[in-house]
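Colleague: Based on the provided sequences and hints, a complete structural model is requested.
These protein sequence lines map, in sequence, to chains U and C.
For what it's worth, the working numbering labels the leading residue of the first sequence as 24, then goes sequentially.
For what it's worth, the working numbering labels the leading residue of the second sequence as 24, then goes sequentially.
Treat the hints as calculated values from the structure; they're not laboratory data.
Among the clues, some could well be false.
Identical chains blur together in the list; that is why a pair holds if it fits in one copy or across any two.
[Stated by the list, open to error] Quick list of in silico lysine-lysine cross-link-like pairs, DSSO-like style, CA-CA up to 30 Å:
#1 Lys546 x Lys266
#2 Lys142 x Lys102
#3 Lys715 x Lys35
#4 Lys127 x Lys361
#5 Lys475 x Lys661
#6 Lys661 x Lys503
#7 Lys127 x Lys114
#8 Lys234 x Lys533
Keep in mind it's a predicted model, so treat the numbers as computed, not measured.
Number of protein chains: 2
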Amino acid sequence: MNDSLNNLFYPKSIAVIGASAKEGTLSWELLNNLIKFGYKGKLFPVNPNAESIHSIKSYRRVSEIEDSIDLAIMMVSRKLVLDAIDDCHRKKISSVVVITAGFKESGAEGAILEEELVKRIKKYGIRLVGPNCMGIINTHNKIRLNATFVQGEPISGGIGFVSQSGALGAAVLKTLQQNDIGLSQFISIGNKADISGNAVIEYWKDDPDIKVITVYLESFGKPRRFMELSREITKIKPIIAIKSARTAQGIRAASSHTGALASSDTVTNALFEQSGVIRVSTIDEMFDIAKAFDKANLPKGSRLGILTNAGGPAILAIDESTAAGLTVPQLSKATQKKLRVAAPLEAPVFNPVDLLPSASAELYSSATRIMLKDSNIDSLIVILGPPLSLSTLEIAKSVSNACKDSRKTCMLVLMSQDEVISRLRNEAPFHPPVYRFPENAVRAIGKLLEYKNWQESETGEIIHFNTDKNSVRKILNKYKRSGEVYLKFEDVSKILNAYGMPVIESINSKNINELSRIAEKLKYPVVIKAMGRNLIHKSDVGGVETDIHTEADLIKAARNILENLGRHKKLKQFEYFLIQPYIRCGVETIIGITKDENAGHLIMFGLGGIFVEVLNDVKFKLLPIRNSEAKSMVRSIKSYKLLTGIRARKAVDINYIEENLLRLSQLIEDFPEFTEVDLNPFIFTDKKEECKILDARMKVVLNNRYAD
Amino acid sequence: MNDSLNNLFYPKSIAVIGASAKEGTLSWELLNNLIKFGYKGKLFPVNPNAESIHSIKSYRRVSEIEDSIDLAIMMVSRKLVLDAIDDCHRKKISSVVVITAGFKESGAEGAILEEELVKRIKKYGIRLVGPNCMGIINTHNKIRLNATFVQGEPISGGIGFVSQSGALGAAVLKTLQQNDIGLSQFISIGNKADISGNAVIEYWKDDPDIKVITVYLESFGKPRRFMELSREITKIKPIIAIKSARTAQGIRAASSHTGALASSDTVTNALFEQSGVIRVSTIDEMFDIAKAFDKANLPKGSRLGILTNAGGPAILAIDESTAAGLTVPQLSKATQKKLRVAAPLEAPVFNPVDLLPSASAELYSSATRIMLKDSNIDSLIVILGPPLSLSTLEIAKSVSNACKDSRKTCMLVLMSQDEVISRLRNEAPFHPPVYRFPENAVRAIGKLLEYKNWQESETGEIIHFNTDKNSVRKILNKYKRSGEVYLKFEDVSKILNAYGMPVIESINSKNINELSRIAEKLKYPVVIKAMGRNLIHKSDVGGVETDIHTEADLIKAARNILENLGRHKKLKQFEYFLIQPYIRCGVETIIGITKDENAGHLIMFGLGGIFVEVLNDVKFKLLPIRNSEAKSMVRSIKSYKLLTGIRARKAVDINYIEENLLRLSQLIEDFPEFTEVDLNPFIFTDKKEECKILDARMKVVLNNRYAD
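Modeller: And the structure:
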């Protein structure tokens with residue numbers, strides 16, 4: 024554990040600088056919350072104009088307090104913050120939360136003030152939360168810290184929540200209280216002038232109180248660090264994050280195919296997916312899932328049991344199960360027999376098991392126990408549909424008891440009988456997670472299963488191929504000081520060959536005269552292409568002719584191409600002809616590289632031609648990729664079936680696709696000065712030796728090292 | 024309006040048969056709810072063992088009541104129901120709600136009882152709700168009817184809700200109360216022995232109190248009637264329905280391509296889409312949208328304005344807007360100027376407009392008014408993020424006032440400050456719909472917009488082509504009494520030609536000897552296919568050879584085919600060879616018909632070959648289709664771009680695709696005995712005369728008329 028945050032979450036003494044004696048102000052509320060929640064340390068209000076606040080002696084300055092102070096919480100007006108920081112330094116306080124707003128978020132003046140603030144805390148060695156934040160909570164019994172001004176009392180549980188937005192944080196705290204969802208620790212990080220989301224999740228990694236981490240971030244300061252960290256953490260405990268599409272504005276409006284296929288969501292998607300972070304799109308969804316991780320076991324598999332007293336809600340559960348990746352199998356004969364004995368004659372006992380509205384607490388309890396023992400199911404949803412003949416609370420309690428010792432995943436669906444929830448918490452604190460409607464419970468189980476599969480998935484490794492790094496360096500040296508530049512095709516070919524990627528053999532020809540001289544030596548059929556470093560979508564301007572069988576046709580094709588280029592006003596960009604063997608069979612793919620300013624290089628894979636054009640069926644990952652990631656990339660495109668062979672087609676060499684993705688990944692790791700790569704088309708067949716890159720473009724930015 | 028349900032929703036007098044004097048029983052709760060909610064008519068408890076119940080004189084039998092009775096609500100035990108019905112008849116009661124369970128839903132014995140019940144009410148001319156239901160609500164001030172046993176008081180509003188499931192209905196009523204969502208009328212229809220969901224929505228069609236209809240149905244008794252009705256209704260008011268995938272189990276496990284591509288969701292999807300029903304997947308979503316329809320205006324367009332006092336929630340709103348089909352444009356210069364004057368210096372005023380946490384009620388109110396006047400936006404979300412310097416209630420009230428007279432769509436997001444909701448209802452009953460989080464508000468606006476587009480969309484019409492109906496009848500007569508049968512290809516060709524669909528010209532040949540005789544007359548290149556009524560996926564067993572240029576190659580191809588069929592043990596199914604011109608260009612499509620036992624015929628369109636095989640990219644609609652539906656069908660497949668021409672390809676004749684869909688629709692309407700049709704492949708190019716059906720299969724079931 025990164026101990027530097029201990030003073031934030033476990034302070035033995037707190038100074039509240041700017042505490043107000045005026046009821047209803049935010050700083051009064053904060054002190055009030057600290058006291059009401061039963062903070063187990065010492066509180067020192069600091070306010071030059073008050074003798075005492077909340078019956079506690081108040082100090083004029085922090086430095087006047089005799090005791091040592093672990094944490095200062097600052098709510099003074101903006102212009103007093105720097106002075107107060109100096110005073111904290113005098114008092115040797117090492118951790119400060121600045122709640123005061125009006126810094127970077129409010130414009131130029133505030134930004135200057137924030138810079139000065141950061142300068143001072145760095146000088147003093149103070150760790151800072153905020154500014155412009157809304158505080159910290161730790162519900163652990165040994166500390167009972169509620170340093171926020173949000174009304175209501177946090178409920179204790181296993182969720183850690185870090186929020187970049189204060190308003191959203193406050194709203195979430197209210198929602199958690201209203202829905203009986205238990206929090207372990209909460210921190211609002213505001214402007215992240217010092218302590219970032221990454222620092223917090225790293226701190227939570229080893230804290231056994233935190234069973235699940237929830238994250239609301241609007242921006243990633245260091246996306247690479249986030250990925251690295253969360254990759255480690257998600258193997259131990261889940262991270263759930265709300266989507267924020269704001270991170271990918273950095274992908275340059277690229278002229279490359281690959282760049283054009285990246286969307287504003289590409290980076291966040293890749294980041295979360297590669298690090299096993301569970302992405303949600305709403306706050307409600309985030310905590311529906313978080314409470315499941317907090318209170319339920321992970322399912323061993325996808326088989327769902329449903330116990331109910333009414334048909335309708337069970338149907339909703341079944342309907343949702345497919346989308347959630349779950350199945351609703353028949354129960355074993357033995358289970359059915361046992362249920363048959365326990366339940367009324369007309370009760371269906373296959374799955375869903377419907378105990379009918381007359382079901383008693385005893386019947387619910389024994390049916391729960393019987394179903395949980397059935398090896399045909401991995402998880403169980405118990406639905407308590409109104410009206411119940413007995414009190415819903417009694418039934419909920421007896422079901423909770425019946426679930427208590429099972430290692431399977433259990434969920435309780437109370438069908439909007441919300442009045443039961445808070446009493447259930449007090450009378451059966453070990454109860455399964457509670458949902459209003461069955462759909463939400465089913466979705467949550469689906470997410471638990473996804474996470475369990477992620478935890479058990481192969482981590483994989485970065486593969487290192489033997490490559491000829493030196494040749495590439497030599498080629499790139501030729502372009503030194505050219506800034507941003509497309510490489511010549513012959514250099515592209517050499518580079519790809521140096522890293523073991525199979526570019527098709529080809530012959531250059533400057534003009535038609537030269538072409539006539541080489542035409543008779545060619546092995547037909549061939550393709551002829553107009554080449555030029557700035558000639559990008561050459562097939563769009565009639566710059567490519569394929570399936571040429573004779574010398575006469577070749578010359579005619581070359582003439583056509585020049586005419587086409589002329590008509591499209593692209594003749595200036597033409598440099599030479601390229602002649603290559605014409606390949607008929609195989610599947611066209613596209614493999615490429617693009618770069619996000621913030622998150623770095625991404626690699627892309629997809630099927631070429633109409634699949635890319637029409638369906639945008641591509642997959643991106645952040646570099647470098649591991650062998651397991653290359654594997655999942657290829658398998659995750661929608662048209663994957665085309666690679667495995669359908670009807671009469673043979674499967675292509677999928678291992679070899681993966682190998683090429685890994686080789687390209689290695690090239691970019693070795694030479695991050697590449698900003699765009701398009702291997703398009705890259706043809707794959709079932710025979711490795713037939714697989715060829717037919718065309719390729721590469722762009723480098725030289726003298727501009729890769730920034731993490 | 025269908026007046027036959029008036030006695031249910033507007034009864035002047037009610038007999039509660041089986042009312043109990045024992046507090047806590049369901050029948051006691053029901054009578055209690057009727058009284059507490061302030062029912063404006065006369066109540067008559069019926070119970071042989073009580074003198075009075077709830078201080079109201081009780082009767083031993085219905086027939087002993089002196090006054091006339093509009094509605095009887097029955098909660099007697101199952102074995103007394105028939106007697107009580109007889110007594111209702113004696114009393115000339117024309118409407119009865121049977122809440123009692125234990126009928127069809129409980130097994131064979133109950134089913135027999137239900138049959139008897141239905142027989143009697145039909146004889147007596149009684150309209151029946153239930154059995155096995157949970158009652159009726161009408162919140163209208165002139166009636167104040169709460170004939171359910173669900174605790175809590177319904178809130179008055181514009182939503183009609185019909186539920187097939189009682190338990191779900193009860194849960195929804197609780198949710199509506201908890202979330203301040205206003206109900207107009209509610210009915211639980213239980214086993215639908217008489218009154219169906221269709222009857223209820225038809226009744227609500229013309230009721231001005233009902234602004235939006237919400238529906239939970241597990242099964243469609245008459246899907247065609249539902250479609251017809253809801254098509255009419257949704258042009259007047261919205262219908263929101265929860266998905267229920269249970270309706271499509273009727274699609275027979277077909278050997279046809281088209282049948283195999285239909286999923287369990289195909290029928291419901293087509294049904295809802297063609298009738299403009301808004302489909303949701305959760306109860307929460309249903310009422311998030313319903314309350315928007317109840318309380319907000321429809322947006323004129325997709326442009327969303329966001330007013331907030333905190334950045335985080337505004338970002339969530341923006342993130343969600345794309346998925347909801349909305350845009351967040353800049354405000355006009357004039358608006359920005361006005362906001363600049365009203366708002367603090369650091370407040371961003373472009374859109375989102377962020378008033379900062381210090382915002383007052385006056386500032387919120389004037390910013391709301393200014394933004395609503397901007398012609399750059401069609402809808403406005405006002406977010407009140409905690410903490411607010413003033414009371415949230417005051418701000419919510421002044422925003423509500425500012426929205427009151429605008430014709431634009433307004434939404435209020437209270438960021439989980441739920442305590443405000445009930446007070447806002449009392450103090451500003453005209454307030455905009457209230458949401459906990461901005462994502463939900465944005466989604467709801469998206470749905471309002473979708474609905475508005477549906478309302479304004481062309482209805483279109485069924486097109487009648489001149490066809491040769493008689494020839495088809497003659498052909499089908501040949502197959503009479505064959506039961507279920509595949510037609511011969513030559514008959515298929517004739518039928519398609521009779522309805523103006525272009526089958527490719529082709530020549531038959533019984534064997535290779537015959538082939539040699541006709542080979543020299545052919546115009547090459549040609550295709551040769553093995554034919555046979557039971558030879559279905561012929562290309563999978565090597566039964567097709569294409570692009571044949573010479574007589575010798577043709578003979579060789581025929582030999583190959585026979586050899587292939589032999590190897591696949593399909594020689595027995597071979598009947599003859601078919602020779603057709605080989606067509607190289609154009610786009611392969613597949614057009615087909617399948618039949619759902621419950622909902623009838625469906626027509627399918629998709630791109631053929633790998634698009635169908637790999638991506639399942641097809642669209643189904645229920646027959647008959649209108650020209651507008653043919654149009655939207657073609658446009659709704661994911662690979663539509665391929666038809667409009669990409670890169671060097673020309674667009675195909677899309678009008679002609681639509682025409683063929685409509686012609687096929689007409690054929691099936693005229694001859695519903697077709698159960699399967701596959702036109703596959705059906706090639707389209709840019710020239711109508713080149714478009715050809717290359718292969719076709721048709722199955723009929725004769726002597727089995729189409730059932731609605």
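Colleague: Of all the hints numbered above, which does this structure not satisfy? Sort the numbers upward.
Modeller: Numbers 1, 3, 6 and 8 - these are the hints that the structure violates, sorted from lowest upward.
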